[in-house]
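Asker: Residue-level listing of the chains:
Protein chains: 2
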Amino acid sequence: MNETRTPDSRRRSERSRRAIYDAALALVSETGYARTTIEGIAARAGVGKQTIYRWWPSKAAVLMEAFLDLADQAADGEHVFPDTGDLAADLRLVLRATVDEMNDPVHERPTRALAAEGIVDADLGARFVEKLLEPPLQLYIGRLRSAQAAGEIRPGIDLRTAVELFVGPLTHRWLLRTLPLTHAYADTLVDYALNGLAPRD
Amino acid sequence: MNETRTPDSRRRSERSRRAIYDAALALVSETGYARTTIEGIAARAGVGKQTIYRWWPSKAAVLMEAFLDLADQAADGEHVFPDTGDLAADLRLVLRATVDEMNDPVHERPTRALAAEGIVDADLGARFVEKLLEPPLQLYIGRLRSAQAAGEIRPGIDLRTAVELFVGPLTHRWLLRTLPLTHAYADTLVDYALNGLAPRD
Chain A
1 MNETRTPDSR
11 RRSERSRRAI
21 YDAALALVSE
31 TGYARTTIEG
41 IAARAGVGKQ
51 TIYRWWPSKA
61 AVLMEAFLDL
71 ADQAADGEHV
81 FPDTGDLAAD
91 LRLVLRATVD
101 EMNDPVHERP
111 TRALAAEGIV
121 DADLGARFVE
131 KLLEPPLQLY
141 IGRLRSAQAA
151 GEIRPGIDLR
161 TAVELFVGPL
171 THRWLLRTLP
181 LTHAYADTLV
191 DYALNGLAPR
201 D
Chain B
1 MNETRTPDSR
11 RRSERSRRAI
21 YDAALALVSE
31 TGYARTTIEG
41 IAARAGVGKQ
51 TIYRWWPSKA
61 AVLMEAFLDL
71 ADQAADGEHV
81 FPDTGDLAAD
91 LRLVLRATVD
101 EMNDPVHERP
111 TRALAAEGIV
121 DADLGARFVE
131 KLLEPPLQLY
141 IGRLRSAQAA
151 GEIRPGIDLR
161 TAVELFVGPL
171 THRWLLRTLP
181 LTHAYADTLV
191 DYALNGLAPR
201 D
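Chains as they are written, first to last, in UniProt numbering: chain A, 1 to 201; chain B, 1 to 201.
Here chain A stands alone, though its shape is the one from the complex (with noise of 0.2 Å):
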């Protein structure tokens, strides 16, 4: 970073910043992951190759920003995992936002192209789960823990994979399109798996 920097170059940094993510989003939309290029984001996105390379040390890096990014504008910056009181209302509250996200094409389009690259090359897979998908499943986690330590989820479950039972048939549902996503699934998914996690009467 540049100390030196006056208020107009911060924000010129800014918005070249915002269009870089844009144009890296819209390009691994259009044409896939793969065939994006640094080249290709400079141009769409009006700046210099040099500017991406300041930046960024690889294309790899600039995308995984602007997924992190796109990610922070869908939760609006909370990461926090709703706590009423009532873990069913949280749950379902979460999975109609999740479901509402994989059906906004903004979102859906990018993150799309992302899972199918990541599934083919491993390496890149990893870090789109270690940055991007293990965050917010802690969050899950978090949230059972507490639910488990208040008796709502019976003492034994492994939370790891019974967060799964949740994110798992949504995931499966949105990237095979199996069948429509809507909140009513989320909520019967919720119904479903969070009477699996219950205390046996």
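By construction, these hints were calculated from the structure, which means they are not laboratory data.
Note that CB positions come from ideal geometry on N, CA and C, so glycine has one too.
Hints may be right or wrong, so weigh each one.
Stated by the list, open to error - Covered stretches of chain A, going by a simulated chain B footprint (3 or more residues, C-beta under 8 Å):
{"hint": "1", "segment": "18-28"}
{"hint": "2", "segment": "179-191"}
Said to hold, decoys possible - Sample of chain B residues lacking proximity to chain A, with all beta carbon distances greater than 10 Å (derived):
{"hint": "3", "residue": "ARG17"}
{"hint": "4", "residue": "ARG92"}
{"hint": "5", "residue": "MET102"}
{"hint": "6", "residue": "ALA149"}
{"hint": "7", "residue": "GLY168"}
{"hint": "8", "residue": "THR171"}
{"hint": "9", "residue": "ARG177"}
{"hint": "10", "residue": "LEU179"}
{"hint": "11", "residue": "HIS183"}
Following the hints, position chain B against chain A.
Answerer: Quick look at chain B alone, frame taken from chain A:
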């Protein structure tokens, strides 16, 4: 079909067909679905391009048949779901077999390449789901239906959603490679999900 073929020519045809399937799946594994071509398959199988065009109208058609053949082999030609009367044991058996298949490179690599392409190409994805995914899911549903009739699954459970509690998490873990896919994981999934579908006492 040529009714006047001799046994020798039928054997030659069968050998060619097998070579074409093998070449198609190997190419998809190595270069991805999009970059696999009829020319490439013919060269690798050691047959003329016209042999392929005589039997299949398109690359998509030959690849879909190669995948159907692969799935048939994995299922050992069996297209029934076990029904021993013990629902949990039957589900564990099938999910463990799916884990083994997903961990077998012969099956994994081409299926992963096909799934990745289907994720970004909606038309291919729809064919993949219709031909390869829905038929086994319907077998699950049949087994769950008889369990529901026997009172082991509570009335009102939507069986199409229920089946996703088993295959969704498994596919999520496989495609995204979040954590190892093991028999123990399959067993835990059956335990949690089946508990979620069981009658409430």
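Asker: If you test the structure against every hint from before, which numbers come out violated?
Answerer: 1, 7, 8, 9, 10
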